[in-house]
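Chain by chain, the residues:
Protein chains: 6
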Amino acid sequence: MPSRQVHLSGNLVAEEDAKISIFDSAVLLGDTVTESTRTFAHKPFKLEQHIDRLYKSLKVTRIDAGCDAAEMLRITTELLEANLPLYQSHEDCWLVHNISRGVSVPGPDPTVQRSSATVMIYTQPMDLRGWAKYYVEGCHAVTPMSRIVPSQSLDARIKNRSRMSYTLAEMEVKLVDSEAQSVILDIDGNVAENKGGNIFLVSDGVLKTPAPRNCLAGLSRETILELAQQLDIPSQETTLQPYDFYTADEAFFTSTPYCIMPATKFNGLPVGDENVGPVTKKLLAAWSELVGIDIAKQALDQMKS
Amino acid sequence: MPSRQVHLSGNLVAEEDAKISIFDSAVLLGDTVTESTRTFAHKPFKLEQHIDRLYKSLKVTRIDAGCDAAEMLRITTELLEANLPLYQSHEDCWLVHNISRGVSVPGPDPTVQRSSATVMIYTQPMDLRGWAKYYVEGCHAVTPMSRIVPSQSLDARIKNRSRMSYTLAEMEVKLVDSEAQSVILDIDGNVAENKGGNIFLVSDGVLKTPAPRNCLAGLSRETILELAQQLDIPSQETTLQPYDFYTADEAFFTSTPYCIMPATKFNGLPVGDENVGPVTKKLLAAWSELVGIDIAKQALDQMKS
Amino acid sequence: MPSRQVHLSGNLVAEEDAKISIFDSAVLLGDTVTESTRTFAHKPFKLEQHIDRLYKSLKVTRIDAGCDAAEMLRITTELLEANLPLYQSHEDCWLVHNISRGVSVPGPDPTVQRSSATVMIYTQPMDLRGWAKYYVEGCHAVTPMSRIVPSQSLDARIKNRSRMSYTLAEMEVKLVDSEAQSVILDIDGNVAENKGGNIFLVSDGVLKTPAPRNCLAGLSRETILELAQQLDIPSQETTLQPYDFYTADEAFFTSTPYCIMPATKFNGLPVGDENVGPVTKKLLAAWSELVGIDIAKQALDQMKS
Amino acid sequence: MPSRQVHLSGNLVAEEDAKISIFDSAVLLGDTVTESTRTFAHKPFKLEQHIDRLYKSLKVTRIDAGCDAAEMLRITTELLEANLPLYQSHEDCWLVHNISRGVSVPGPDPTVQRSSATVMIYTQPMDLRGWAKYYVEGCHAVTPMSRIVPSQSLDARIKNRSRMSYTLAEMEVKLVDSEAQSVILDIDGNVAENKGGNIFLVSDGVLKTPAPRNCLAGLSRETILELAQQLDIPSQETTLQPYDFYTADEAFFTSTPYCIMPATKFNGLPVGDENVGPVTKKLLAAWSELVGIDIAKQALDQMKS
Amino acid sequence: MPSRQVHLSGNLVAEEDAKISIFDSAVLLGDTVTESTRTFAHKPFKLEQHIDRLYKSLKVTRIDAGCDAAEMLRITTELLEANLPLYQSHEDCWLVHNISRGVSVPGPDPTVQRSSATVMIYTQPMDLRGWAKYYVEGCHAVTPMSRIVPSQSLDARIKNRSRMSYTLAEMEVKLVDSEAQSVILDIDGNVAENKGGNIFLVSDGVLKTPAPRNCLAGLSRETILELAQQLDIPSQETTLQPYDFYTADEAFFTSTPYCIMPATKFNGLPVGDENVGPVTKKLLAAWSELVGIDIAKQALDQMKS
Amino acid sequence: MPSRQVHLSGNLVAEEDAKISIFDSAVLLGDTVTESTRTFAHKPFKLEQHIDRLYKSLKVTRIDAGCDAAEMLRITTELLEANLPLYQSHEDCWLVHNISRGVSVPGPDPTVQRSSATVMIYTQPMDLRGWAKYYVEGCHAVTPMSRIVPSQSLDARIKNRSRMSYTLAEMEVKLVDSEAQSVILDIDGNVAENKGGNIFLVSDGVLKTPAPRNCLAGLSRETILELAQQLDIPSQETTLQPYDFYTADEAFFTSTPYCIMPATKFNGLPVGDENVGPVTKKLLAAWSELVGIDIAKQALDQMKS
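Line by line, the protein sequences are chains A, B, C, D, E and F.
The numbering used here applies: residue 1 is where the first sequence begins, and numbers increase by one.
The numbering used here applies: residue 1 is where the second sequence begins, and numbers increase by one.
The numbering used here applies: residue 1 is where the third sequence begins, and numbers increase by one.
The numbering used here applies: residue 1 is where the fourth sequence begins, and numbers increase by one.
The numbering used here applies: residue 1 is where the fifth sequence begins, and numbers increase by one.
The numbering used here applies: residue 1 is where the sixth sequence begins, and numbers increase by one.
Treat identical chains as interchangeable: a pair holds within one or across any two.
Calculated pairs, DSS-like style, for lysine-lysine (alpha carbon to alpha carbon, straight line, at most 25 angstroms):
no.	residue 1	residue 2
1	LYS174	LYS59
2	LYS174	LYS56
3	LYS59	LYS265
4	LYS133	LYS297
5	LYS281	LYS133
6	LYS265	LYS56
7	LYS265	LYS174
8	LYS282	LYS265
9	LYS56	LYS43
10	LYS304	LYS133
11	LYS46	LYS56
12	LYS46	LYS59
13	LYS281	LYS304
14	LYS281	LYS297
Keep in mind the hints are simulated off the structure, nothing from the lab.
Go ahead and model the full structure; you've got the sequences and the hints to work with.
Below you can see the structure in the form of structure tokens.
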């Protein structure tokens with residue numbers, strides 16, 4: 001069976017050969033911006049918007065990717081087309097961009113590079129088994145003691161790979177429940193984000209989510225707000241605190257791979273009646289309709305195989 | 001000419017072959033702890049302390065390096081001995097540890113790994129040309145608008161490779177002066193650290209440096225405090241603010257490669273009389289004596305060759 | 001040629017004789033509230049609103065101006081009428097109020113005064129040459145390291161003359177570019193204001209500006225929001241951070257003298273395509289129409305003379 | 001009787017003629033640095049240190065006074081000598097420096113000046129009647145709701161005349177008691193300073209005062225610390241909060257005119273036994289001895305005349 | 001005359017016998033949640049909503065009241081009916097729930113209890129004499145130096161009896177005026193709440209109140225927002241600061257007993273023209289109409305009797 | 001068997017009759033200050049200091065206990081003597097003071113009381129079984145997401161009974177481990193206190209504890225510092241953060257009942273080698289010697305009976 005290809009700085013290489021120097025700034029400085037797109041029924045979802053946001057991250061970090069957004073879209077599409085035959089029809093994939101500043105030179109200026117940017121683009125099977133059961137039962141959302149990096153230190157809207165703080169927060173919540181999902185607060189104690197996911201609450205029929213100030217301006221988040229508008233579900237960008245989560249009727253996370261992950265417990269207490277709620281279900285159904293596949297079913301089917 | 005060897009998760013490979021998968025958590029999550037030691041006259045300086053601190057970083061990040069500190073010291077020393085014949089006698093080298101959590105699996109838990117930790121140990125020629133002139137003239141220290149990541153988000157004492165915030169701060173100060181060195185403030189406006197270096201001021205004969213609360217607990221910083229004690233220079237760990245820097249008599253940075261980098265300008269204004277000061281010179285001389293080489297001369301000699 | 005008159009605590013004096021004691025609280029304590037109005041085609045713009053806001057500042061600072069707002073309007077209009085003949089028809093002027101608490105007495109209570117309030121009202125030619133080219137090219141907006149004085153220390157909506165923090169911030173940005181204009185952040189890292197000007201961004205067709213919490217509630221700002229409403233440009237009062245500025249399509253400052261100053265660079269990076277944008281132009285045209293003169297042309301014409 | 005002279009930018013003028021343009025940056029921008037020295041028995045106290053600190057303020061604010069510190073000392077001494085014959089032998093005086101950036105030009109850069117710095121130096125009779133009774137009874141210290149300007153906005157160690165925030169805080173405490181003296185907190189709720197004075201507590205025999213982080217590094221404060229050392233009174237620079245003030249045995253303020261002002265009430269509650277305490281008295285006696293006059297007596301004698 | 005009954009953990013006891021052990025967690029830990037409802041013309045106002053909020057407080061504090069909300073409503077109504085005959089027809093009453101965790105056991109876990117929750121429900125005559133005159137004259141609102149407990153420490157929306165911080169803040173404002181009502185700020189200096197009451201301002205016809213982030217989400221507050229909507233008074237949840245209060249046209253507090261308490265002075269300065277304003281009056285009239293009694297008259301009548 | 005007596009506002013009553021009105025401010029407002037002393041071998045430990053601190057709390061909260069400290073000591077001693085015969089010789093007791101402001105009157109001023117202060121003094125058997133095993137194994141210290149109430153809201157040094165925030169934090173850590181002990185951080189992310197206990201770390205032989213800024217100034221804490229000085233163990237009051245706890249060699253809590261509670265795990269990771277450390281043991285031995293009983297043995301013996 002042929003191997004999946006990876007785009008590595010202009011070359012297509014087999015996935016198992018996709019390696020970078022240990023002197024790359026990706027390794028030495030976490031100096032990488034990124035986007036994760038997924039396909040639904042083999043079609044990439046909002047790929048243009050992901051690439052648009054990638055170029056915002058590149059701009060703010062002053063990394064020169066070596067080509068413009070149109071060219072990036074072209075080579076991304078080429079890679080996807082090359083790999084798609086390797087995926088079964090019921091299977092979808094991630095489509096990930098990681099662009100580092102290149103091989104760095106130790107010295108007084110960390111941005112001096114020995115090479116141009118390292119462009120890594122790859123597809124990966126969308127393995128949803130880890131999330132599947134949450135569509136049915138909901139997950140346990142837990143708050144870590146550590147707080148999100150504030151935007152005055154590093155803006156979360158720069159989608160980047162210097163993510164150690166997220167990993168450590170995630171480990172803190174695993175102390176409560178080995179399957180807990182993090183609800184990270186900002187330094188003022190407001191709900192910010194899950195590591196890489198946005199957070200939504202439903203209270204008295206109103207959908208609420210923090211403004212993207214100390215959290216990623218997620219495209220899945222944006223999709224939810226668009227679907228809510230279509231479904232006439234009122235929505236608000238507002239400040240949320242743990243109290244809001246404890247007393248909400250429904251809660252869920254959004255992120256590229258799983259779209260919607262309901263949360264039915266928060267710090268050991270039930271959210272609402274501890275079942276996945278009607279607004280959450282409605283939004284998931286609408287998203288499924290939008291992309292032409294049953295999102296939860298796809299994940300649950302993977303469990304069986 | 002034989003190539004330098006790199007220790008890569010148990011194997012010695014040639015430097016140009018030292019590559020890791022683009023799926024390693026080093027690349028995907030910046031999930032790497034690190035230490036940088038240097039040699040003086042081919043002898044590693046405070047290697048045991050560096051490895052001790054590495055194991056503190058490993059513990060707090062819950063990364064299992066696969067061996068204990070004693071074994072890490074052994075394999076590090078072996079690597080150094082293998083590579084040292086490739087360095088000329090007047091030349092010194094970095095000795096760097098980077099340990100990532102390994103190849104990660106996309107899913108709800110970022111700490112689930114497909115492999116054990118990726119251990120990268122390498123030596124690199126100590127190229128000091130970038131810093132050489134600062135021993136003579138001092139550098140220009142500049143304050144960026146961005147602030148250090150607070151310890152409640154990610155403690156700077158975990159020496160890690162999720163360093164994008166440092167790189168962006170460094171780019172901000174380069175807007176003022178393409179050779180500026182950063183003096184990053186914490187979110188309360190206190191002097192914290194240079195990207196990877198500690199900061200010292202001398203005022204009325206007293207050496208002052210911030211307590212390691214929002215900055216790395218540098219081993220070079222520790223060396224300075226030890227030398228100061230031997231030289232009867234009074235020293236204080238205290239809160240410092242830009243006003244203290246503007247009105248100091250002398251200022252310098254400390255870090256593994258250059259040991260001491262005097263700063264003779266701060267945000268466009270002279271520090272003291274804009275010359276490298278007597279306390280700074282005394283400390284550098286004492287450090288040179290401690291390690292048996294003239295630190296500044298080694299760097300300046302590189303400029304000539 | 002007769003001299004411009006200045007209203008000085010009830011008397012009209014020639015501008016060159018308009019002097020106050022060095023013991024005035026204006027000098028000793030920066031204890032002065034202020035308003036700056038300008039004329040368009042010799043007509044004062046929103047003078048009543050400026051005087052209304054002046055009386056809010058007087059109230060909060062507990063300074064007794066010695067007359068009420070109606071009387072203040074009367075004497076202001078008188079002064080303007082006295083001076084207008086000295087301005088050429090194409091020329092406009094500032095109309096400035098500075099009211100200090102009066103001559104203070106050193107002692108335990110800084111509000112004990114030896115005199116009643118010192119009322120200074122003057123007109124000055126509106127010299128727009130410093131700003132003229134920014135209408136065409138836009139300016140370079142730069143963020144200083146210092147942060148705006150928080151409202152819990154001194155509310156920026158009290159328009160006052162204790163402005164040293166603004167001057168120092170302005171000097172910091174001049175280190176980057178001698179013509180840079182400051183974008184000062186608040187202590188949480190949010191965009192607050194330019195020294196004396198408000199800040200607007202345009203993103204995806206939406207006009208955004210910070211709520212007047214840690215910044216002046218500018219009357220020019222208010223004019224922009226009124227014009228936007230008339231032009232059906234959606235607008236938002238919201239929290240903005242440097243990321244928003246970096247990724248905006250357009251940006252501009254507003255203030256009494258120049259009305260709108262486009263910003264086409266931010267911290268060394270282009271804003272949008274680095275040209276003055278269409279929404280900015282539309283708003284400037286509408287303002288010009290409102291006041292019956294071509295605002296940019298007036299400034300550019302001054303450059304030629 | 002001849003008038004007191006004022007040094008005004010190189011000229012000696014009579015006090016009643018000491019006036020500056022209303023366009024001076026002192027008036028328009030509060031852009032003035034300052035020092036207040038006093039004499040004891042006609043000898044200026046720590047004048048060199050005051051001028052040294054003045055030059056620190058000038059440096060950090062980038063104001064060019066037009067002469068160096070030695071010349072400033074010379075012209076200051078000249079002025080003092082010219083005026084001293086006008087003071088009676090038992091009378092002392094203030095010796096005040098105010099240096100503004102000069103006459104400013106309205107435009108995009110607030111630091112462009114139409115003139116060089118405005119240097120104002122004057123002496124004023126040391127009228128201590130306002131403080132006299134506090135030597136005997138102590139004053140009422142009260143905490144305002146407003147908080148000190150944080151150093152990241154404007155460092156209090158830059159002794160400057162943009163002091164509106166202090167005046168407003170002072171007015172807040174006068175709501176509690178028309179003779180109250182302010183104990184201003186910083187934005188974290190720690191005791192910072194009185195408007196222009198430092199704060200000392202005595203608890204269990206230990207003298208405590210905040211480190212000069214969000215407060216002036218007063219020379220009177222320094223004198224107290226020196227006297228304490230001579231008297232073997234242990235002293236600490238430490239964080240203080242209202243609780244410490246409420247539960248202290250003694251409390252006092254320090255500033256140039258009154259040297260020591262005991263506080264015997266704090267927010268309506270007695271400090272200690274509500275009498276001026278023994279450590280306070282000892283320090284005041286030592287200071288009196290140092291300068292050769294009975295400081296409290298001088299003030300109390302003024303009350304009688 | 002028979003005594004009022006109190007519901008005490010399942011039993012009805014006479015008010016004078018309603019006592020709890022000094023070992024109850026109400027006493028030892030302030031570990032009590034609470035609601036205060038009032039009657040209008042003997043009908044409880046929004047009792048269901050109060051009980052709903054009580055159950056939110058119980059949930060977040062993990063106190064098990066021993067019965068569900070429906071049962072709580074039933075026993076509450078029973079108690080009210082038992083007591084109402086003791087109130088005269090023109091008299092109304094408080095209806096208060098206090099539920100503590102029960103009798104606690106000293107040891108490493110403060111939540112281990114020797115008993116189930118202590119349920120206290122009582123009615124009390126609605127003595128409005130303390131507030132009566134404020135309907136006519138308005139009260140004096142004053143800002144204390146202490147700041148509201150931030151939600152990351154204890155969310156004010158948990159209506160609880162650990163209220164010492166409120167009492168101390170209230171005492172601070174009584175230093176200014178023995179009848180002052182507190183306007184407590186949050187730790188960022190924004191207006192938060194009165195001890196137990198919410199705060200409204202009217203500026204240019206718009207009703208403004210802080211979002212319930214660092215203050216109670218009051219049901220009286222909710223009533224005001226509902227009445228405003230019915231009366232077509234535009235309203236905003238927004239950040240308010242002392243400046244907004246100083247410059248508002250009208251201001252009032254809301255709370256269960258008095259419904260609306262106008263404030264006509266703020267920190268010694270008049271609010272608007274120092275009279276109870278038209279919007280305030282309109283809202284009070286609408287509320288009176290809603291509940292079928294003249295709210296202010298009821299209070300004022302009590303003064304006469 | 002006769003019952004233990006409780007001192008209740010001047011009367012001795014049997015413990016089972018020690019009840020207070022549900023209208024007491026202790027219940028309604030958490031308006032109670034407190035002290036907990038313990039006996040060792042039937043002798044109260046530092047009772048004078050506890051009463052001295054009680055009077056500091058009374059002063060700052062402006063509660064009038066109705067008698068002075070000497071009288072309080074007398075009645076406390078009387079109560080203890082009355083109850084001691086009821087304790088077996090190997091058994092010790094708590095000696096607790098709770099003083100509330102008295103029965104409060106609902107109205108605009110929460111400090112108006114219907115009665116004088118409610119004074120509750122009682123003894124309770126010192127049941128140490130909950131803590132006994134921690135002397136041998138150490139406990140698991142865990143950090144909650146909630147943060148300590150900052151001193152600008154309510155100073156932790158006021159030992160008070162408005163303790164709901166502590167109870168909720170304690171419940172958060174029980175989610176990790178049902179026997180976890182809390183390490184509560186302040187709002188800046190620094191280690192503050194355990195609910196009612198202080199925190200000590202030992203690193204490289206140095207004993208470290210936070211300064212009492214956002215934590216109780218514990219008398220047990222003070223005892224540790226005194227014992228350390230006697231034992232020549234260097235100690236520091238300093239800022240501590242979770243990193244310090246993770247990398248410490250030893251850690252322990254201090255509080256009145258258990259004196260020292262070793263912590264051998266922190267957030268799931270071992271502290272040092274996960275055994276009770278030598279410095280901790282030395283301090284506990286010294287304390288035992290000081291009070292003449294083996295503290296750990298007393299607790300462990302209780303487990304057997």
